[in-house]
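Please dock the two separately framed chains into a single complex, following the hints provided.
Single-letter residue listing:
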Amino acid sequence: MSIRELIVSKIKDGTVIDHIPAGKAFEVLKVLGLTGKEGIRIAVVVNVESSKLGRKDIVKIENRFLSKEETDIVALIAPTATINIVRNFEVVEKRKVSIPKYISKLIKCPNKTCITRHEGIETTFETLDSSLRVRCIYCGIELSYSEFIDLILKELSKS
Amino acid sequence: MNSSIASRFKGRDVISVLDFSKEDIEYLFKLTDHYLSNGYKEVLRGKVMAVAFFEPSTRTRLSFEAAMSRLGGSVIGFSSEEGTSVAKGEKFIDTIRMLDSYADVIVVRHRYEGSAKLAAEVAEHPVINAGDGRNEHPTQALLDLYTIYRLRGDVSSLVIGLIGDLKYARVVNSFLYILTIFKPKKVYLISHPLLRLREDVRRFVESRNVKVEEVFDINEVLSELDVLYVTRIQKERFPDPLEYEKVKNAYRVTAEITKRCKDDLIILHPLPRVDELDRSLDNTKHAVYFKQASFGVPLRAALLTLILGGVEGVYT
Ligand SMILES: [Zn+2]
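Note that the protein sequences, when read in sequence, are chains A and B.
Numbers in our numbering are just positions in the first sequence, counted from 1, shifted up by 16.
Numbers in our numbering are just positions in the second sequence, counted from 1, shifted up by 39.
If we strip away everything but chain B, and leave its shape as in the complex, we get (with noise of 0.2 Å):
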C-alpha cells in the first residue's frame, strides 16, 4: 500500500478523469485487481452513500450499490426524479445538500452538464460523477481502460478505434480523457460525418499529444486495431428517419468483421446497446464487452474504498 496516494485519494471528490494522475488511476487499478482476485472486505461498515439519480441509469446504479453492500455500507438515495422532492421543484443543491448531511459520499448522475462540479462545491463530502449531461462519465471510462489495461496490459503500444456516435456519446469524451493520460499508439474516429468528434474534444486530445485521425469506413483501418470501443446511435439524434436507417448500418459491427480484424483485437461497448453491436459477436473471443461490465462493480468498490479511506482495512 502506498501512503501517499491512498491520502491524495481519501475525501476527493471524482468529477472528471482529468482529475487524476496516472499514478493515481494505477494505483486504483492495483487495488480492483485486489478485489477480483481476493474478494471483497466490508472495509466501508457504518459508512453510508447516497445515490442522487436525476436521470435513471440501471447499470451504473447498481454497481455503485452492489459495491458498496459489498463493502459492507449502505445505500440510501433515488433512482429518478419522480416521487422525489425534486420533482416538487426543489432546486438541486437543496437536495444535494440534504443527501450530504445524510451521506459520506453522494453519487450524482444528471441531465445538464456541470450538476456534478455544482453539487461538489456545495457538498462538504465527496461527490462522484456518474454521469453529467453530454460532458463526462468519469467512472465509466475508468472502467473502460480497466478492462484495456487487464485484458491487454500496456496501453501506449495499441491501436484504438472509436466507432458510433461520438458527437453526443459521454462516454466518448471520458474515455479519449482517460487515453490522453494513458497514450495509446494511435486512435482512430470512425463515425458518420454527422456524428464526428466535436472540435473541442479532438483539439484538446490532440494538445496532450495523442495522435488520432477521423475516418468514415471501418475497413479502412480495421487490420490496424487492438481495441475497438463501440458506442451506441441513438435514433433521435437524426433529423430524418431515413438518414438514421443508413447510417446504422453502415456503423453496425457485426462477426463480418472478426474475418479481417486482428487475431487478439478487443471489442468494448458501454452497454446496454441497441442494434450497433450484432448478437454474432458475442460468443467471439473478440468480444469482451460482458467482461467489461462484470468489472463495474469490482472498479468501483475500490474507488469507494480509497475515497472514504478503507484503505488500510483491505491488505491487513
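Just chain A, with the same shape it has in the complex (with noise of 0.2 Å):
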C-alpha cells in the first residue's frame, strides 16, 4: 500500500485534494473558503513525497463533497491538484482541477471607477487562458493570476 492510498483511505467520506504543490495547501483551504471554524475536521499534510511533484501537499475534509463548480477555483493556484470523493472509504469520483471560464463571487473589482463597485453589486472575472490573466466583465481590467489570487486570499482573511 502506497503512502497516498493510505492518506486517502484514512477518511470515511469526503474530499481529497492531492497533488498540491508544496506549501500551498494552506492557501487551497483559504480559497475553498474553509477556515476551521465549520466544525468539520480537515487534515493538512504537507512536504510529503511525490513521485510526480517531488513534493506536495494534501488537503482532506470529512464529510463535504465538494462539486466541481468549489473546485475549479483551486485550479487558479493548484493547477495540478487532483480531486477525490470518497464514500466509504472508497474512492468513487476522481477528477482533475480544471480553471473556470468565469469566476463570480470571490472579489470586488479592484477598479475603483468600475460601476460594479458603485452599484453594490458582484462582479465576474473572465479568465483569458492565452495570458494567464483575468478580466472583469463590466469595466474590462486586467490582472495576472497572481494579483487576482493576492486579492482573493486578501479578501477571504477578512472574513
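Keep in mind the hints are simulated off the structure, nothing from the lab.
Small disclaimer: the values here were computed from a predicted structure and weren't measured.
Hints may contain errors.
No more than 27 Å apart at the CA atoms, straight line, and that leaves these computed lysine-lysine pairs for DSSO-like [claimed, not checked]:
| no. | chain 1 | residue 1 | chain 2 | residue 2 |
| --- | --- | --- | --- | --- |
| 1 | B | 86 | B | 49 |
| 2 | A | 46 | A | 124 |
| 3 | A | 128 | B | 127 |
| 4 | A | 124 | B | 80 |
| 5 | B | 330 | A | 124 |
| 6 | B | 130 | B | 80 |
| 7 | A | 117 | B | 61 |
| 8 | A | 128 | B | 225 |
| 9 | B | 130 | A | 128 |
| 10 | A | 40 | A | 121 |
| 11 | A | 40 | A | 112 |
| 12 | A | 128 | A | 53 |
| 13 | B | 222 | B | 250 |
| 14 | B | 86 | B | 69 |
| 15 | B | 206 | A | 124 |
| 16 | A | 53 | A | 170 |
| 17 | A | 26 | A | 68 |
| 18 | A | 117 | A | 174 |
| 19 | B | 274 | B | 206 |
| 20 | B | 225 | B | 324 |
| 21 | B | 80 | B | 69 |
| 22 | B | 86 | B | 206 |
| 23 | A | 84 | A | 28 |
| 24 | B | 324 | B | 224 |
| 25 | A | 128 | B | 274 |
| 26 | B | 225 | A | 121 |
| 27 | A | 121 | A | 84 |
Incomplete in silico selection of chain A near chain B, CB under 10 Å [unchecked claim]:
| no. | residue |
| --- | --- |
| 28 | 126 |
| 29 | 129 |
| 30 | 137 |
| 31 | 142 |
| 32 | 145 |
| 33 | 146 |
| 34 | 149 |
| 35 | 161 |
The beta-carbon is built from N, C-alpha and C at its ideal position, and this holds for glycine as well.
Structure, rendered in C-alpha cells:
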C-alpha cells in the first residue's frame, strides 16, 4: 500500500485534494473558504514525497463533497491538484481541476471606477487562458492570476 | 439589403466595438453611405430613444438626438445628473429600469467603466454605449473608422498613427479595438512616456495580429503615415503643471507637419480640441476632422435604424 493510498483511505466520507504543489495547502483551504471554524474535520499534510511533484501537499476534508464548481477555483493556485471524492472509504470520483471560464462572487473589482463598486453588485471575472490573466466583464480591467489570487486571499482573510 | 445581417442588428446592444464582425460594420457603413447620398427617411416614426447622459457630452448627445429626429422618432432623457432623481441618490440601475419602460432604445453615457454593460443586463430594450468611463466609446470608433473607410477605402493597406494621450482617452481604446477588426498595415503609437498606451490594451491589439510600434517623436514616422489620429492631452493627468506644458508642445500638431507628410495624409480628431491641434491646419486638405464630425449623425442614424428594425423601410 503506497503512502498516498494510506492517507486517502483514512477518511470515510469526504473530499481529498491531492497533488497540491508543496506549500500551497493553506492557500487552497483559504480559497475554498475553509477556515476550520466550520466544525468539520480537516487534515492538512504538507511536504510529503510525491513521484510526480517531488514534494506535495494533501488536504482531506471530512463529510464535505465539493462540487466541480467549488474546486475549479483551486486550479488558479494548484493547477496540478486532483480531487478525490470518497464515500465509505472508497474513491468514487476522481477528477482534475480546470480553470473556470468565469469566476464570480469572490472579490470586488479592484478598479475604483468600475460601475459594480458603485452599484454594490458582484462582478464576474473572465479568465483569459492565453495570457494567464483575468478580466472584469464590466470594466475590462485585467489582472494576472497571481494578482487575482492575492486579492482573493486578502478578501477571504478579512471575513 | 441583406436580411440575415439586418436581423443580427435588430434589438442588439452596442457595448463594445468588439461585439461586431467586419461584415456587420461594413453593412452599417453601407447604410451610412446611403443616408449621406439619399437623405433620411422617417423609418423610426413612433419610436422613442432615451438619452441617459450621467456625464455631459454635447457632441455625442446632440448627434444621437439629431439622428433620431431625422428618422421621425422622438427623444426623452437628460444630459447631466443635475436636477434628476440620480442627483437625489437613485441607483443607476433603477434609473435605467425607468427609462426602459418609457423607451425603445437607451443611449447611456456614464463616468464609470462597465455602466453600459450593466444597463444592458438590466434593460429589456437595446442599450447603446455612448462612453463608459475610461473604457469604451464604440459609436465614436465606428465614426472614426467610417471616416477612414469613406475617404481612403481599404484600411488594410494603411499606416495609421495615434498621437496624444493614449493612456486615458477611451476613444483610443475603442479605435484600436476596431482596427483589430480591419487590420491596417501598421499602427504607430506616438506619445509621451507618461501617456503611453495601457499595457493590457496593447497586449490585446497585438494578440489580434495588428503590428504596433511605440515612438516618442512623430518626426520619426511622419513620412510613412496615411492617417494621423490626434487625441486631447488633458492637463489634470499631469502631477506637475510644468511637465504638462512641455508635453503639450511636443505633441502639438501644427501646419508645420504638412511640409513633410504624405500628400494624401488625413488627420482625424474626435473633437472638441484644445491646443493639441493647431488652427493653422484647418484649411489644409489634410484636415478631415470637421468632416469626420459631420458623419456622426448619418452613422448614428444608420445604427439606430438597424437596431430598431427600420431598415426595410429605407430601401423600399
Ligand atoms: Zn470592474
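Okay, the hints, checked on the actual structure:
Of the supplied pair hints, the one linking residue 86 of chain B and residue 49 of chain B holds, its CA atoms being roughly 14 Å apart against a limit of 27 Å. Pair hint residue 46 of chain A plus residue 124 of chain A holds up; C-alpha atoms about 17 Å apart against a cutoff of 27 Å. For the hint linking residue 128 of chain A to residue 127 of chain B, the alpha-carbon distance of about 22 Å falls within 27 Å, and the restraint holds. About 47 Å separates the Cα atoms of residue 124 of chain A and residue 80 of chain B, which puts this hinted pair outside 27 Å; it is violated.
For the hint linking residue 330 of chain B to residue 124 of chain A, the alpha-carbon distance of about 43 Å lies beyond 27 Å, and the restraint is violated. A threshold of 27 Å between alpha carbons decides the hint, and for residue 130 of chain B with residue 80 of chain B the separation of about 37 Å lies outside it, so the pair is violated. A C-alpha spacing of about 26 Å is found between residue 117 of chain A and residue 61 of chain B, which places the hinted pair at or below 27 Å, so the restraint holds. For a cut-off of 27 Å, the pair hint linking residue 128 of chain A to residue 225 of chain B is broken: about 34 Å separates their Cα positions.
For the given pair, residue 130 of chain B sits about 17 Å from residue 128 of chain A by alpha-carbon distance, which is consistent with the 27 Å threshold. A hinted pair counts as satisfied when its Cα atoms are at most 27 Å apart, and residue 40 of chain A with residue 121 of chain A qualifies at roughly 22 Å. Using a Cα cut-off of 27 Å, the hinted pair residue 40 of chain A and residue 112 of chain A holds, with the two alpha carbons roughly 17 Å apart. With a CA separation close to 32 Å, the supplied pair residue 128 of chain A and residue 53 of chain A exceeds the 27 Å bound.
About 9 Å separates the Cα atoms of residue 222 of chain B and residue 250 of chain B, which keeps this hinted pair within 27 Å; it holds. Between residue 86 of chain B and residue 69 of chain B the CA atoms are separated by roughly 23 Å; this keeps the pair inside 27 Å, and the hint holds. In summary, the hint linking residue 206 of chain B to residue 124 of chain A is supported, as the alpha carbons are separated by about 24 Å, within the 27 Å threshold. Restraint check for residue 53 of chain A and residue 170 of chain A: satisfied, since their Cα atoms lie roughly 18 Å apart, inside the 27 Å limit.
Restraint check: the Cα-Cα separation between residue 26 of chain A and residue 68 of chain A comes to about 22 Å, which is no more than 27 Å; the hinted pair holds. Under the criterion of a C-alpha separation no larger than 27 Å, the hint pairing residue 117 of chain A with residue 174 of chain A is consistent with the structure, at around 26 Å. Between residue 274 of chain B and residue 206 of chain B the CA atoms are separated by roughly 13 Å; this keeps the pair inside 27 Å, and the hint holds. Pair hint residue 225 of chain B plus residue 324 of chain B holds up; C-alpha atoms about 23 Å apart against a cutoff of 27 Å.
Between residue 80 of chain B and residue 69 of chain B the alpha-carbon distance is near 15 Å, which keeps this suggested pair within the 27 Å criterion. Taking the CA atoms of residue 86 of chain B and residue 206 of chain B, the gap is near 38 Å; set against the 27 Å cutoff, the hint is violated. A distance of roughly 20 Å separates the Cα atoms of residue 84 of chain A and residue 28 of chain A; the hinted pair therefore holds under the 27 Å criterion. For the given pair, residue 324 of chain B sits about 23 Å from residue 224 of chain B by alpha-carbon distance, which is consistent with the 27 Å threshold.
A C-alpha spacing of about 21 Å is found between residue 128 of chain A and residue 274 of chain B, which places the hinted pair at or below 27 Å, so the restraint holds. A distance of roughly 41 Å separates the Cα atoms of residue 225 of chain B and residue 121 of chain A; the hinted pair therefore is violated under the 27 Å criterion. Annotation: proposed proximity of residue 121 of chain A to residue 84 of chain A holds, straight-line Cα distance about 16 Å (limit 27 Å). Using the Cβ-Cβ criterion of 10 Å, the hint placing residue 126 of chain A at the interface with chain B is not satisfied: the shortest such distance is roughly 12 Å.
Using the Cβ-Cβ criterion of 10 Å, the hint placing residue 129 of chain A at the interface with chain B is satisfied: the shortest such distance is roughly 5 Å. A least Cβ separation of about 7 Å between residue 137 of chain A and chain B falls short of the 10 Å threshold, and the interface hint therefore holds. With 10 Å as the threshold, the beta carbon of residue 142 of chain A stays out of range of chain B, its nearest partner Cβ sitting at about 12 Å, so the hint is violated. Taking 10 Å as the C-beta contact cut-off toward chain B, the hint placing residue 145 of chain A at the interface is violated, the least distance being around 12 Å.
For the restraint placing residue 146 of chain A at the interface with chain B, the shortest Cβ-Cβ distance is roughly 7 Å, inside the 10 Å limit, so the hint holds. Given the 10 Å rule on beta carbons, the hint for residue 149 of chain A holds: about 8 Å separates it from the nearest Cβ of chain B. Interface hint at residue 161 of chain A: violated, since its Cβ lies 14 Å from the closest Cβ of chain B, which is beyond the 10 Å cut-off.
Of the numbered hints listed earlier, those contradicted by the structure are 4, 5, 6, 8, 12, 22, 26, 28, 31, 32, 35.
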